[in-house]
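*Asks:* Chains as they are written, first to last, in the working numbering: chain A, 2 to 115; chain B, 23 to 135.
Don't read these hints as lab results, they were simulated from the structure. It is possible that part of the hints are untrue.
[As the list claims (entries may be wrong)] Heads up, simulated BS3-like pairs for lysine-lysine below, C-alpha to C-alpha not over 25 Å straight-line: (1) B:31 <-> A:38; (2) B:58 <-> B:93; (3) A:38 <-> B:63; (4) B:63 <-> A:6; (5) B:66 <-> B:89; (6) B:74 <-> A:38; (7) B:31 <-> B:58; (8) B:93 <-> A:69; (9) B:41 <-> A:72; (10) A:6 <-> B:31; (11) B:66 <-> A:102; (12) A:102 <-> B:89; (13) A:102 <-> A:114; (14) A:38 <-> B:41; (15) B:58 <-> A:102; (16) A:38 <-> B:58; (17) B:63 <-> B:31; (18) A:57 <-> A:38; (19) A:6 <-> B:62; (20) A:114 <-> B:63; (21) A:72 <-> A:55; (22) B:31 <-> B:66; (23) B:58 <-> A:6; (24) B:63 <-> A:102; (25) B:63 <-> B:93; (26) B:41 <-> B:89; (27) A:38 <-> B:89; (28) B:62 <-> A:102; (29) A:102 <-> B:74; (30) B:58 <-> A:69; (31) A:72 <-> A:114; (32) B:58 <-> B:74; (33) B:93 <-> B:62; (34) A:72 <-> B:89; (35) A:72 <-> B:63; (36) B:44 <-> A:102; (37) B:41 <-> B:74; (38) A:38 <-> A:6.
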Amino acid sequence: DQQVKQNSPSLSVQEGRISILNCDYTNSMFDYFLWYKKYPAEGPTFLISISSIKDKNEDGRFTVFLNKSAKHLSLHIVPSQPGDSAVYFCAASGAGNQGGKLIFGQGTELSVKP
Amino acid sequence: DTAVSQTPKYLVTQMGNDKSIKCEQNLGHDTMYWYKQDSKKFLKIMFSYNNKELIINETVPNRFSPKSPDKAHLNLHINSLELGDSAVYFCASSQLWGAGGYTFGSGTRLTVV
Numbered sequence: 002d003q004q005v006k007q008n009s010p011s012l013s014v015q016e017g018r019i020s021i022l023n024c025d026y027t028n029s030m031f032d033y034f035l036w037y038k039k040y041p042a043e044g045p046t047f048l049i050s051i052s053s054i055k056d057k058n059e060d061g062r063f064t065v066f067l068n069k070s071a072k073h074l075s076l077h078i079v080p081s082q083p084g085d086s087a088v089y090f091c092a093a094s095g096a097g098n099q100g101g102k103l104i105f106g107q108g109t110e111l112s113v114k115p
Numbered sequence: 023d024t025a026v027s028q029t030p031k032y033l034v035t036q037m038g039n040d041k042s043i044k045c046e047q048n049l050g051h052d053t054m055y056w057y058k059q060d061s062k063k064f065l066k067i068m069f070s071y072n073n074k075e076l077i078i079n080e081t082v083p084n085r086f087s088p089k090s091p092d093k094a095h096l097n098l099h100i101n102s103l104e105l106g107d108s109a110v111y112f113c114a115s116s117q118l119w120g121a122g123g124y125t126f127g128s129g130t131r132l133t134v135v
């Protein structure tokens, strides 16, 4: 039972355009959502997060949107750069003693072409 | 200066062997984790330790045994390795129990032949 899903295994965009990566979840108890970026042969690195009490969080070129009613979040990268090419993982955590546990989606590989 | 370091980076071993993967963090974090990335690329939690105490133990075969000698180290020992154990294993740490924002190690690619 996969509680966090990224249905697009890959995405290709032109440099300078917007990249939109999507993530769906099933557990309404999740209260914190995160995006991680991963390069080959490296561990995932934290990119941006959002609390369930917000619907938007912005950090430079990266913005995460949360739609709780649809149990959907998305990561927007504007403008996209070739260095953004990586695998992006969506993750979620729940309240209480499950809070330390992150549940990850299977990742979306973003390719930004010059 | 690496924040979360895992050794070895690659490990090839035969079925039935026992092996260990070591993890150390120099961030002063209280909580450490082991995650497994399987062939379908999902990252799944295996164990979590908070201040050397086991907090999360997912449905992992008991051939896998974590050991935390102090809060800066979390090692993973695997007995009687099986082909299905082949995966990339990631260690991670975080500052606060319940908070997001893990720092991951670079992973250990385990191949069982």
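*Asks:* So, for every hint listed, does it hold in this structure?
*Replies:* Do the hints match the structure? See the list:
1. B:31 <-> A:38: It holds: about 19 Å lies between the C-alpha atoms, which stays within 25 Å.
2. B:58 <-> B:93: This hinted pair holds, its Cα atoms lying about 21 Å apart.
3. A:38 <-> B:63: Within the cut-off at roughly 14 Å; holds.
4. B:63 <-> A:6: holds, 12 Å
5. B:66 <-> B:89: holds, 19 Å
6. B:74 <-> A:38: violated, 28 Å
7. B:31 <-> B:58: holds, 14 Å
8. B:93 <-> A:69: Violated, at roughly 36 Å.
9. B:41 <-> A:72: violated, 41 Å
10. A:6 <-> B:31: violated, 28 Å
11. B:66 <-> A:102: Roughly 10 Å separates the two Cα atoms, so the pair holds.
12. A:102 <-> B:89: holds, 18 Å
13. A:102 <-> A:114: Measuring from Cα to Cα gives roughly 35 Å; hence the hint is violated.
14. A:38 <-> B:41: Violated, at roughly 29 Å.
15. B:58 <-> A:102: Satisfied, since the Cα-Cα distance of roughly 13 Å is no more than 25 Å.
16. A:38 <-> B:58: This hinted pair holds, its Cα atoms lying about 17 Å apart.
17. B:63 <-> B:31: Satisfied, since the Cα-Cα distance of roughly 18 Å is no more than 25 Å.
18. A:57 <-> A:38: It holds: about 19 Å lies between the C-alpha atoms, which stays within 25 Å.
19. A:6 <-> B:62: holds, 12 Å
20. A:114 <-> B:63: holds, 24 Å
21. A:72 <-> A:55: holds, 13 Å
22. B:31 <-> B:66: holds, 19 Å
23. B:58 <-> A:6: Distance of about 17 Å is within 25 Å: holds.
24. B:63 <-> A:102: holds, 18 Å
25. B:63 <-> B:93: Distance ~28 Å between residue 63 (chain B) and residue 93 (chain B) Cα, so the pair is violated.
26. B:41 <-> B:89: holds, 13 Å
27. A:38 <-> B:89: violated, 28 Å
28. B:62 <-> A:102: holds, 20 Å
29. A:102 <-> B:74: It holds: about 16 Å lies between the C-alpha atoms, which stays within 25 Å.
30. B:58 <-> A:69: Not OK: residue 58 (chain B) and residue 69 (chain A) at ~28 Å, beyond 25 Å, violated.
31. A:72 <-> A:114: violated, 30 Å
32. B:58 <-> B:74: Distance of about 20 Å is within 25 Å: holds.
33. B:93 <-> B:62: Given pair residue 93 (chain B), residue 62 (chain B) is violated - Cα atoms ~31 Å apart, limit 25 Å.
34. A:72 <-> B:89: violated, 37 Å
35. A:72 <-> B:63: holds, 22 Å
36. B:44 <-> A:102: holds, 21 Å
37. B:41 <-> B:74: holds, 21 Å
38. A:38 <-> A:6: The hint holds at about 16 Å.
The earlier numbered hints that this structure contradicts are 6, 8, 9, 10, 13, 14, 25, 27, 30, 31, 33, 34.
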